[in-house]
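Protein chains in written order, with the numbering used here: chain S, 96 to 612; chain U, 96 to 612.
Keep in mind that the hints were calculated from the coordinates and are not lab data.
Ideal Cβ positions, reconstructed from N, Cα and C, are used throughout, including at glycine.
The reader is advised that the hints may include incorrect statements.
Lysine-lysine pairs mimicking DSS-like chemistry, simulated, CA-CA at most 25 Å apart [claimed, not checked]:
#, chain 1, residue 1, chain 2, residue 2
1, S, 536, U, 446
2, S, 312, U, 444
3, S, 321, U, 444
4, S, 444, U, 287
5, S, 564, U, 242
6, S, 155, U, 141
7, S, 321, S, 496
8, S, 287, S, 318
9, S, 312, U, 287
10, S, 279, U, 287
11, S, 446, U, 536
12, S, 155, U, 242
13, U, 155, S, 427
14, U, 287, S, 287
15, U, 444, S, 444
16, S, 444, U, 318
17, U, 312, S, 279
18, S, 446, U, 564
19, S, 444, U, 321
Residues on chain U that point at chain S, a partial pick, calculated with CB under 7 Å [stated by the list, open to error]:
#, residue
20, 116
21, 136
22, 157
23, 183
24, 283
25, 308
Number of protein chains: 2
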Amino acid sequence: MGSLTSDPELKYNSGSFTNPLDSEEFRRQGHMIIDFIADYYKNVEKYPVRSQVEPGYLQKVLPESAPNNPESMETILQDVQQHIVPGITHWQSPNYFAYFPSSGSIAGFLGEMLSSGFNIVGFNWISSPAATELENIVMDWLGQMLKLPKSFLFSGNGGGVIQGTTCEAILCTLTAARDRVLNKIGRENISKLIVYGSDQTHCALQKAAQIVGIDVKNFRAIKTTKSSSYGLSPDSLMAQINSDVEVGLIPLFLCATIGTTAITAVDPLKPLCDVAKQFGIWVHVDAAYAGSACICPEFRHFIDGVEGADSFSLNAHKWFFATLDCCCLWVKDPRALVSSLSTNPEYLKNKATESMQVVDYKDWQITLSRRFRSLKLWFVIRNYGVANLRHFLRSHVNMAKLFERLVSGDKRFEIVFPCHFAVVCFRVSPSPVLMDKLKTKYVNCLLSEEEQINEFNRELLESINASGKAYMTHAVLGGIYAIRFATGATLTEKRHVVVAWTVVQQHLEAFQSAFKP
Amino acid sequence: MGSLTSDPELKYNSGSFTNPLDSEEFRRQGHMIIDFIADYYKNVEKYPVRSQVEPGYLQKVLPESAPNNPESMETILQDVQQHIVPGITHWQSPNYFAYFPSSGSIAGFLGEMLSSGFNIVGFNWISSPAATELENIVMDWLGQMLKLPKSFLFSGNGGGVIQGTTCEAILCTLTAARDRVLNKIGRENISKLIVYGSDQTHCALQKAAQIVGIDVKNFRAIKTTKSSSYGLSPDSLMAQINSDVEVGLIPLFLCATIGTTAITAVDPLKPLCDVAKQFGIWVHVDAAYAGSACICPEFRHFIDGVEGADSFSLNAHKWFFATLDCCCLWVKDPRALVSSLSTNPEYLKNKATESMQVVDYKDWQITLSRRFRSLKLWFVIRNYGVANLRHFLRSHVNMAKLFERLVSGDKRFEIVFPCHFAVVCFRVSPSPVLMDKLKTKYVNCLLSEEEQINEFNRELLESINASGKAYMTHAVLGGIYAIRFATGATLTEKRHVVVAWTVVQQHLEAFQSAFKP
Numbered sequence: 096m097g098s099l100t101s102d103p104e105l106k107y108n109s110g111s112f113t114n115p116l117d118s119e120e121f122r123r124q125g126h127m128i129i130d131f132i133a134d135y136y137k138n139v140e141k142y143p144v145r146s147q148v149e150p151g152y153l154q155k156v157l158p159e160s161a162p163n164n165p166e167s168m169e170t171i172l173q174d175v176q177q178h179i180v181p182g183i184t185h186w187q188s189p190n191y192f193a194y195f196p197s198s199g200s201i202a203g204f205l206g207e208m209l210s211s212g213f214n215i216v217g218f219n220w221i222s223s224p225a226a227t228e229l230e231n232i233v234m235d236w237l238g239q240m241l242k243l244p245k246s247f248l249f250s251g252n253g254g255g256v257i258q259g260t261t262c263e264a265i266l267c268t269l270t271a272a273r274d275r276v277l278n279k280i281g282r283e284n285i286s287k288l289i290v291y292g293s294d295q296t297h298c299a300l301q302k303a304a305q306i307v308g309i310d311v312k313n314f315r316a317i318k319t320t321k322s323s324s325y326g327l328s329p330d331s332l333m334a335q336i337n338s339d340v341e342v343g344l345i346p347l348f349l350c351a352t353i354g355t356t357a358i359t360a361v362d363p364l365k366p367l368c369d370v371a372k373q374f375g376i377w378v379h380v381d382a383a384y385a386g387s388a389c390i391c392p393e394f395r396h397f398i399d400g401v402e403g404a405d406s407f408s409l410n411a412h413k414w415f416f417a418t419l420d421c422c423c424l425w426v427k428d429p430r431a432l433v434s435s436l437s438t439n440p441e442y443l444k445n446k447a448t449e450s451m452q453v454v455d456y457k458d459w460q461i462t463l464s465r466r467f468r469s470l471k472l473w474f475v476i477r478n479y480g481v482a483n484l485r486h487f488l489r490s491h492v493n494m495a496k497l498f499e500r501l502v503s504g505d506k507r508f509e510i511v512f513p514c515h516f517a518v519v520c521f522r523v524s525p526s527p528v529l530m531d532k533l534k535t536k537y538v539n540c541l542l543s544e545e546e547q548i549n550e551f552n553r554e555l556l557e558s559i560n561a562s563g564k565a566y567m568t569h570a571v572l573g574g575i576y577a578i579r580f581a582t583g584a585t586l587t588e589k590r591h592v593v594v595a596w597t598v599v600q601q602h603l604e605a606f607q608s609a610f611k612p
Numbered sequence: 096m097g098s099l100t101s102d103p104e105l106k107y108n109s110g111s112f113t114n115p116l117d118s119e120e121f122r123r124q125g126h127m128i129i130d131f132i133a134d135y136y137k138n139v140e141k142y143p144v145r146s147q148v149e150p151g152y153l154q155k156v157l158p159e160s161a162p163n164n165p166e167s168m169e170t171i172l173q174d175v176q177q178h179i180v181p182g183i184t185h186w187q188s189p190n191y192f193a194y195f196p197s198s199g200s201i202a203g204f205l206g207e208m209l210s211s212g213f214n215i216v217g218f219n220w221i222s223s224p225a226a227t228e229l230e231n232i233v234m235d236w237l238g239q240m241l242k243l244p245k246s247f248l249f250s251g252n253g254g255g256v257i258q259g260t261t262c263e264a265i266l267c268t269l270t271a272a273r274d275r276v277l278n279k280i281g282r283e284n285i286s287k288l289i290v291y292g293s294d295q296t297h298c299a300l301q302k303a304a305q306i307v308g309i310d311v312k313n314f315r316a317i318k319t320t321k322s323s324s325y326g327l328s329p330d331s332l333m334a335q336i337n338s339d340v341e342v343g344l345i346p347l348f349l350c351a352t353i354g355t356t357a358i359t360a361v362d363p364l365k366p367l368c369d370v371a372k373q374f375g376i377w378v379h380v381d382a383a384y385a386g387s388a389c390i391c392p393e394f395r396h397f398i399d400g401v402e403g404a405d406s407f408s409l410n411a412h413k414w415f416f417a418t419l420d421c422c423c424l425w426v427k428d429p430r431a432l433v434s435s436l437s438t439n440p441e442y443l444k445n446k447a448t449e450s451m452q453v454v455d456y457k458d459w460q461i462t463l464s465r466r467f468r469s470l471k472l473w474f475v476i477r478n479y480g481v482a483n484l485r486h487f488l489r490s491h492v493n494m495a496k497l498f499e500r501l502v503s504g505d506k507r508f509e510i511v512f513p514c515h516f517a518v519v520c521f522r523v524s525p526s527p528v529l530m531d532k533l534k535t536k537y538v539n540c541l542l543s544e545e546e547q548i549n550e551f552n553r554e555l556l557e558s559i560n561a562s563g564k565a566y567m568t569h570a571v572l573g574g575i576y577a578i579r580f581a582t583g584a585t586l587t588e589k590r591h592v593v594v595a596w597t598v599v600q601q602h603l604e605a606f607q608s609a610f611k612p
């Protein structure tokens, strides 16, 4: 063996280089980064919530090419603090009220770390049995917490899988639905397939339809109205399907939403599934945001009727304390997914797969490689427990209700859409006095009265966000521009909601004082 | 404000619950998990590499439903040690030589942690400018390190994006290629489109083709042969294309591979691109595994000809020290991706996007939400530096060469396919003496001589893997079953390679001593 150790090509192993995964160096640097992140959370409230940088800011301060020699982690972390943190929009800030929350938690973070630490590639059972089996178990746990029908659980011959995002969940189920139909009627009929959603459905549906080869003219974004609180009307769906069927088209897939992105509207599951059933349509329920709330008995009714659906998904990274990404998808018929998405190359063949006793998740999703995502969900559920998780979610809903009360108590504002969950849509009201002033403010802009009040609210929102004190986004519906205030950031406490409201008021007052007399 | 704090619904915020993202509790538990993972790395060598559990093992020890009350992180980590670790196949073990490596590193892990800590959802520029801009910069860095033509870099009007896996990269580029053609010739012609790969191309291509609606009969897995070292022959490609065109079909997409999954074969890029160019075919280069090595000048020639391709991808989580997942994709024409994959819902509208001065990565990929993946790549490149990264890769190649020498020095074995990178394919040779013994061993099995030697090697591999002392996988090519030994696990040192070889020899000797005299 002496000749081997003296091999000059192999110096690295016995030489002066520290192994990039050396356990003691890992320990030292790991503790350093924990302190860095803990300090970040301690200070996150002080940073402007929406990043204030200009496009191209980073290129000006980073080198044009990679360093040839190593730089210390200390130096890198200094650069993170100096150059990266200012370019971050702080989703974990307690003053973050934009889009939907990205609700981090210690348990979710720790689960993610452990997953990164093991760094296994769990494409099939044998590649790490624990990764597959824990996912089976935890998805059944969460399914039970949601009171999903047993047919969606492994214990009822359905099953759950953790994917990255809703976009993937919809893409997979749509592919499965497409192939189920085309295998019967012939692949040449792809151009007859019709996909249904509402004008409030997440853009993921349209993108998935586009990817699987559904012509954009075969995508139906059925109009919703105020009368149905912007939920998809079963009558409208039926009318659309009938007119499609009449001309020889084939209804394929419906995506119903519990908690739409703009205003958290709810599509009525039961009657929609009843309509879909008549035509053999695959119904996917996108509960990306609001699904989490349905572990609370008082919210569960929003998914009544789910027993008529084929698949159901929620994003545990949105409002369930799991770190991004963690989209939980349940299907009644896993074979439909597997039939569309399975591959069986020689290099992955193994005894466990051949025994047919195991799940190989690679056949339930787009990608082959997959992270051990169930760890974080398991950590979250165990470390907080069902009772606390409900408590946390309710606290966010209550903070939204508090904000709603604050808005309602100020006559200059109005609630635009009712708050089902933890998102409040409001605006400065178009009072006669204000509209009179806006007529002057926008005198040269050729705006209608409706456009004037919308523009005014848009400017108000931009002014709030530019201050860095709070970050909110917007929704436009029925011609109305609303400011959208979403609670759910984990660090948010009641005091932040109260301050955010004060910020809104102050910005309005500043605007008003700028009006010419 | 007094009336607000006494609101009974809001007790949570002022009550006894610790916030799930409390910075000091984060610090305490964060340090705990770092120590847990550091200890895991310290001990990982002691665990059986391939998990030894039986299907269903975990269900027997975990509760059937979620706990109502919280459980401490200490309890959870005990369960991880007791129940999860035995179910893990240890990809980070120095004795892991299976599939391809999942090369972890401290820098990659730290970058991943920071990304989880910020937990931003970087779908567009404004959602965290640093996430987009750092990705732009780092992808240009890595592109330069690979000496990709400038047309693939942002600085040359192309650009790079970090996706999860090669499956996504192929799916996105194939969708873009499909739409580029169908927009010209009409969507009804989808059934005429042909996708090309070889019989060695990764199964991701077939799956992507299936998802985007290419009929399986329009998928060409062109046969490779020993004479071209299992690389795709440009002549075979040309012949196949000609016969497709002759019957009115339309060549669409070619996936060429640098380092195939089975035996790391290399498709000859330049002549393949020359053929493709004549037919306007989109060429994607899948360098998932071997691309990393091309930062070393002595390996760069393997991607000569890449200037003729449309897109190029490598998995930095395979052999470039980034934690899973980190697939780097470069395209010459980002507009083709954006044109197929963009969405523009009202709720995502913002000034930065409208200014057209920024990249919104949501339009370069399948999913909307995306993690801050560039941090880990930036950390890896800076913390090790280009010189060390080359050194690490070379050390893995040298360890594979060492193993190859060890195999070659034992007359009972033979190298089956030449080793380009860090994967060695070998087997027990079908010597006349051995074949004579196998005739007796398999007397009741109705196997040809070829099948007998294959079965013998299969049994040998299973015996090695079942021992837990090393984990290797297999490849079957040209009727030959080979044992496949891949170096690249970060902790592997020369001594592990030597021991693994001893394990192979010992298992063969045990088999031989079991032969009846």
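Here is how each hint holds up against the structure:
1. S/536 to U/446: 21 Å, holds
2. S/312 to U/444: Satisfied, since the Cα-Cα distance of roughly 24 Å is no more than 25 Å.
3. S/321 to U/444: 23 Å, holds
4. S/444 to U/287: Violated. Residue 444 of chain S to residue 287 of chain U sits at ~32 Å, over the 25 Å cutoff.
5. S/564 to U/242: Measuring from Cα to Cα gives roughly 44 Å; hence the hint is violated.
6. S/155 to U/141: Violated, at about 48 Å.
7. S/321 to S/496: Holds: residue 321 of chain S and residue 496 of chain S sit about 21 Å apart, inside 25 Å.
8. S/287 to S/318: 21 Å, holds
9. S/312 to U/287: 20 Å, holds
10. S/279 to U/287: Answer holds: residue 279 of chain S to residue 287 of chain U is near 20 Å, not above 25 Å.
11. S/446 to U/536: 21 Å, holds
12. S/155 to U/242: 23 Å, holds
13. U/155 to S/427: Distance of about 24 Å is within 25 Å: holds.
14. U/287 to S/287: It holds: about 17 Å lies between the C-alpha atoms, which stays within 25 Å.
15. U/444 to S/444: Given that 25 Å is the threshold and the Cα spacing comes to 47 Å, the pair is violated.
16. S/444 to U/318: 20 Å, holds
17. U/312 to S/279: Holds, at roughly 16 Å.
18. S/446 to U/564: Holds: residue 446 of chain S and residue 564 of chain U sit about 19 Å apart, inside 25 Å.
19. S/444 to U/321: OK: residue 444 of chain S and residue 321 of chain U at ~23 Å, within 25 Å.
20. 116: 4 Å, holds
21. 136: At 4 Å from the nearest chain S Cβ, residue 136 of chain U passes the 7 Å test, so the hint holds.
22. 157: This hint holds: residue 157 of chain U lies near chain S, its Cβ roughly 5 Å from the closest one there, short of 7 Å.
23. 183: Residue 183 of chain U check passes; min Cβ-Cβ to chain S is 5 Å, inside 7 Å.
24. 283: Holds - the Cβ of residue 283 of chain U comes within 7 Å of chain S, reaching about 6 Å at its closest.
25. 308: Interface hint status for residue 308 of chain U: holds (3 Å vs cutoff 7 Å).
When each numbered hint is compared with the structure, violations occur for hints 4, 5, 6 and 15.
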